[in-house]
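Q: Sequence:
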Amino acid sequence: MSPASLPARIVLHVDLDYFYAQCEENLNPALRGKPVVVCVYSGRTGDSGAVSTCNYQARSYGVKAGIQIVRARKLLEAADATFIPMNRPHYEEISTRIMDILEPFGNAFEKAGIDEAYLELTSSINGDFEKAEQIAHEIKQTILKQEQITCTIGVAPNKLLAKIASDYNKPNGLTVIRPEDVKAFLGELQVNRIPGVGSKTEQRLHQLKVERVDQLARLDLSVLQKAFGSNVGNCLYLAARGEDEEPVKGREQPTQVSRIATLKKDTHEISEILPLLEELASSATLKLTQRAMTCKTVSIIAILGDLSIHSKSKTLESPTSEERIIAQASKDLIAQFLKSAQSALVRRVGVKLSGLSNRSGQTDISRFIDQ
DNA sequence: CCCTCGATCAC
DNA sequence: CCTCATATCGAGGG
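If you're matching positions, the first sequence starts at -1 in the working numbering and goes up one per residue.
The hints are simulated quantities; they were obtained by calculation from the structure and are not laboratory data.
Take these hints with a grain of salt, some might be off.
Stated by the list, open to error - Pairs of lysine-lysine residues, derived as DSSO-like cross-links and limited to a Cα-Cα distance of at most 27 Å, are as follows:
{"hint": "1", "residue 1": "Lys32", "residue 2": "Lys143"}
{"hint": "2", "residue 1": "Lys294", "residue 2": "Lys263"}
{"hint": "3", "residue 1": "Lys72", "residue 2": "Lys168"}
{"hint": "4", "residue 1": "Lys143", "residue 2": "Lys181"}
{"hint": "5", "residue 1": "Lys129", "residue 2": "Lys109"}
{"hint": "6", "residue 1": "Lys247", "residue 2": "Lys168"}
{"hint": "7", "residue 1": "Lys109", "residue 2": "Lys262"}
{"hint": "8", "residue 1": "Lys62", "residue 2": "Lys129"}
{"hint": "9", "residue 1": "Lys337", "residue 2": "Lys262"}
{"hint": "10", "residue 1": "Lys72", "residue 2": "Lys262"}
{"hint": "11", "residue 1": "Lys181", "residue 2": "Lys168"}
{"hint": "12", "residue 1": "Lys310", "residue 2": "Lys263"}
{"hint": "13", "residue 1": "Lys247", "residue 2": "Lys262"}
{"hint": "14", "residue 1": "Lys294", "residue 2": "Lys262"}
{"hint": "15", "residue 1": "Lys143", "residue 2": "Lys109"}
{"hint": "16", "residue 1": "Lys262", "residue 2": "Lys207"}
Please read these numbers as outputs of a predicted model, since none were measured by experiment.
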């Protein structure tokens, strides 16, 4: 700790292991020890769709999130594997209970997804990483005892490093990065271990002869900003040094609601698209009203036969949560898209509602304006 | 500064 | 023949 400074921050990142698949193992304990694959079936043919997540037995056969179910079947044909359709509401329920366990452990708490959260411990333990490690063990025990779910925890001086730490040794792991170890720990890692560096950014970094974080740390800020834009460039520059000041903060309400689905067959006939589009608009609107919110902007997303992604959006004159308005806007947008991209074969369609705000109190200002 | 759209990420 | 949901950024137009 530098003299006359505040105690080092201590942040935990808790990541629930292979979460959906672990929930399914608990629902049916006979599955434990065998490959379990949780799937999103698209409904086109029997096994069309993708793998959402799978347990580690399945991973040992090369199965992972995102691959086609058909491919997972082939990889696992010699194994006694179970394929299960995703049951999101059930996982949400388990997640909520676990988040309720986690929250009291920190001075601040941030849910960062259905299966991950950050906890700020700084002010409660005065920079003591030993204590933080004990608390991490206690958290793991509590979640295991109360929900039979294992997790992996990263303990570090900020959110960025805590996330990298939890990613380092899964499942059922615990990794601590102390301030004095940051440079050595980070330098050795491949750049794709930095959150936000996916395959595209990784490729572009490789073109700059950068593969590991210590190599990234040798690039000037200006070089990174020129290559990746001022914001991303700056983030990469700081990340390479393990620097991150983002506070652990309760998340605001989500700022968008979206629904997407796959058509039975590719088509350019609007009449074959509208029924599904209306369902999606209805479902998204339901979610919106359940949250007691309104939206200002309606978008449609079209994914074509070649998997290219297109979108069209429209900002309304006034915020709404009325299904008829949202459905009509969606129809107008898809019609507009089909006209612009004639002969486009649509594979999937989606509806997105954004520009959300709380509907509390100030319902419909138009009542006071017109008249 | 707002809107639209595509891209990217990560789930 | 490749799911679903969300957030964020940057470019380009106005």
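Q: For each hint, tell me whether it holds in the structure or not.
A: The hints, checked one at a time:
1. Lys32 - Lys143: holds (22 Å)
2. Lys294 - Lys263: This hinted pair is violated, its Cα atoms lying about 32 Å apart.
3. Lys72 - Lys168: Given that 27 Å is the threshold and the Cα spacing comes to 26 Å, the pair holds.
4. Lys143 - Lys181: violated (36 Å)
5. Lys129 - Lys109: holds (22 Å)
6. Lys247 - Lys168: OK: Lys247 and Lys168 at ~25 Å, within 27 Å.
7. Lys109 - Lys262: violated (36 Å)
8. Lys62 - Lys129: Distance of about 35 Å is beyond 27 Å: violated.
9. Lys337 - Lys262: Between Lys337 and Lys262 the Cα gap is close to 21 Å, so the pair holds against 27 Å.
10. Lys72 - Lys262: Roughly 24 Å between the alpha carbons, so the hint for Lys72 and Lys262 holds.
11. Lys181 - Lys168: holds (22 Å)
12. Lys310 - Lys263: holds (22 Å)
13. Lys247 - Lys262: violated (42 Å)
14. Lys294 - Lys262: With a Cα-Cα distance of about 30 Å, the restraint between Lys294 and Lys262 is violated, given a limit of 27 Å.
15. Lys143 - Lys109: Roughly 21 Å between the alpha carbons, so the hint for Lys143 and Lys109 holds.
16. Lys262 - Lys207: violated (45 Å)
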